[in-house]
Amino acid sequence: MKKVSTVNVDRPAPSLAERTYLVPILKGLAVTFRHFLRNLIGQKDVATIQYPEVKRQYSERLRGRHILTTKEDGSLRCVACYMCETACPAECIHIVAEEDPNAAVEWEKVPKVYEIDLLRCVFCGYCVDACPKEAIIMSRQHEMAFSNRGEAVVGIEELRQKGPIDQEDIGYRPYF
Amino acid sequence: MTVSSPRKTASHPLSKLLPSEVKATVEQASDDHTVITVERGQLIDVLRALKEHRELRCNLLVDVCGVDYPDRDRRFEVVYHVASLENGRRFRVKVPLDEGDAVVPSAYGLYKAADWFEREAWDMFGIRFEGHPNLKRILTHEAFRGHPLRKDYDPGQRWQLTEAEEMVPDWATTTQDGDDHFETQILNLGPSHPATHGTLRTVVRLDGEVITNAECEIGYLHRCFEKMSETHEWNQVVPYTDRLNYCSSMINGVGYTTAVERMLGIEAPPRAQVVQVILSELSRIMDHCVCLGANLVDLGALTNFWYFFQPREEIYGLLEACAGGRLTISYVRVGGLAHDVPADFEERVRYLLRYIPKFIDDVERLVTSNTIFRDRTEGIGAITAEEAVAWGWTGPCLRASGVPYDVRKAYPYRGYDQYEFDVPIASAGDTYARYLVRMEEMRQSLRIIEQAIDSLPDGPTLTDDHHVALPPKQKVYTEMESLIWHFKLIYEGIKVPAGDAYSLCEGANGELGYYIVSDGGGKPYRIKVRPPCFAIFQTYPHMLIGHMVPDSIAILGSLNIIAGELDR
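Same order as they appear, the protein sequences are chains E and V.
Residue numbers for the first sequence follow this note's numbering, beginning at 1 and rising by one.
Residue numbers for the second sequence follow this note's numbering, beginning at 177 and rising by one.
In short, the hints are calculated from the structure, not lab data.
Here the structure is a predicted model, which means the values were calculated and not measured.
Built from N, CA and C at the ideal position, the CB exists for glycine as well.
Wrong hints could be hidden among the right ones.
Think about it this way: if two alpha-carbon atoms lie no more than 25 Å apart in a straight line, the pair counts; the simulated SDA-like pairs of lysine to any residue are [said to hold, decoys possible]:
(1) 3(E) to 14(E)
(2) 71(E) to 648(V)
(3) 649(V) to 55(E)
(4) 44(E) to 478(V)
(5) 649(V) to 14(E)
(6) 133(E) to 367(V)
(7) 55(E) to 482(V)
(8) 55(E) to 527(V)
(9) 3(E) to 527(V)
(10) 651(V) to 516(V)
(11) 651(V) to 72(E)
(12) 3(E) to 208(V)
(13) 671(V) to 473(V)
(14) 312(V) to 367(V)
(15) 71(E) to 658(V)
(16) 651(V) to 5(E)
(17) 109(E) to 657(V)
(18) 312(V) to 329(V)
(19) 27(E) to 648(V)
(20) 133(E) to 657(V)
(21) 649(V) to 36(E)
Facing chain E, a subset of chain V residues (Cβ under 8 Å, in silico) [claimed, not checked]:
(22) 503
(23) 506
(24) 582
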């Protein structure tokens, strides 16, 4: 095997000063005391967030709870092509398709059932990557609480976009 | 199924190094391994020759695993991976076995590292290893029926295990020479103990306060990673790899996609490779922060834990800005990255380069020369270089014993050979040496990141080969052909050429290897992960003997056992 450049990190035996225990402890105390004073005066270094009063600002890519986007007329963009269901590694999406009764052209599909089991979901975003219609995107909502398992299976009405898309807390969605 | 055999050479130059009576086929595989196929009767001869021949000197048993081919005449194959840390040669030894007679001689006598790997192959495939000192199930429960990685095992069946397991090993209740019967007792460390940092159970036998014998039990976090990857497409495995070593999930994904890309014969674009290096090294720093922080907490030095978790928090912030997730990021894909990094990536990485060293320095000042800490850790859990290699150790724990083996240097991937960095080594091999090596490794990782961010090229972050990677969304919306590729890839998956390959990367805790078998379909036929801490943890009970209970906690913390990759 070829020679690799190494650096030896062995340390010499403790010096006389170190063997008194007192000197290293005082050196350590200097570090903790510096932190103590800085935190007492400025609090600039404090990484702790006073959750839930204060919340962290997440990036625009955060993968939270899903949103099913709608067209201008309020109907779902989803065409029940099963791409997200196929791409899902956790197998948490369940779709039942039906023919769209209000279709402008013949043979338009819409989802009759679109369910996501949020307890199975691993929030990997593969459904968003798979969707060819930008019909499923993710929000930044990551605080979800349920009182039973059934509640965690959410359907079209719970997932549907609530208002104009720019007023939703949008997270992960296709990047171009 | 058929798996294509590696390129045949009439007479491989290495075949003459094997003993003359051995009948084995020797071939060169495309993944830089020499493949030796041999009957089980001569397996030990071959392994001994590999280990002891002065031109080969394969001192490290990397992995032992089984593969099930129900359509072949001889159903099972036991695959050994051995490597030489001196000359860098790597071998794959295959032993075909009949279904009715799946027995091989154990390699434990030659390589101690075979201990748990053989137990795992027994557990998962029902292959018996004759002469193994303690052949029992390891990842599944004692009362489990069947062998889950066999292809005919139905993963959907469920039953409740109602039998209570006999949790006390035989040696625990029998008298040993020199026992002081007033003082001898059995103690359970874990499985749910705050100091085990994961669900691991260790039964120790105490004579007074000194441990006289110990045994570990693992598998509490086993979630069938390898079985599940056989039912998912190649890219769908990426989120599962995040959960192997969850302290540095980026590295697992990079290792896995590197393995698949090598089988496909493609390379990720340069920008993706550099970003992967940067985020991998940041993940390595995070992993060491957790390991050292937790180790120090166990020794009563809580402050350092806070100091280390502050940079970790900032790194998670960056990962979240890139990938959209903090812990399980699922950012890599076969062929590059899921999407490009955010616009302020470079600025944030440079900020981290200034920010992280302050905290490493603080811990350095607090702990490194602290005499109490040195008294507590020096000479504790010491292991010699020969022993460590025999047990299959890799990574910082091996380097603390003085072996400068680092996959990034020995078998560079993702362009690691372009960066200048040193491999930290120590000589004592004890808990203190492992601490020192990890501290220096963080600084070396910062060096790599600094060079990588300076050389970050522009360009795409995902290959434009649409047999492998999804086309850009804009094209999917507007072009018929891209839409077809998009559908085909999601529904059928990537078609990885049939064959097998072992690919390795430097995980935060050592050599993380993926042995992948493909049958040419859209899903992996078999993925075997070689988790670094699996080999390291099998040594733990042997290291404990003669130490005291508080020392066992110090040793465990310094080994950096992550249950996610240990149990898979």
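| request: Could you tell me which of the numbered hints above are not met by this structure, giving the numbers in increasing order? | output: Failing hints, ascending: 1, 3, 5, 6, 9, 13, 16, 19, 21 and 22.
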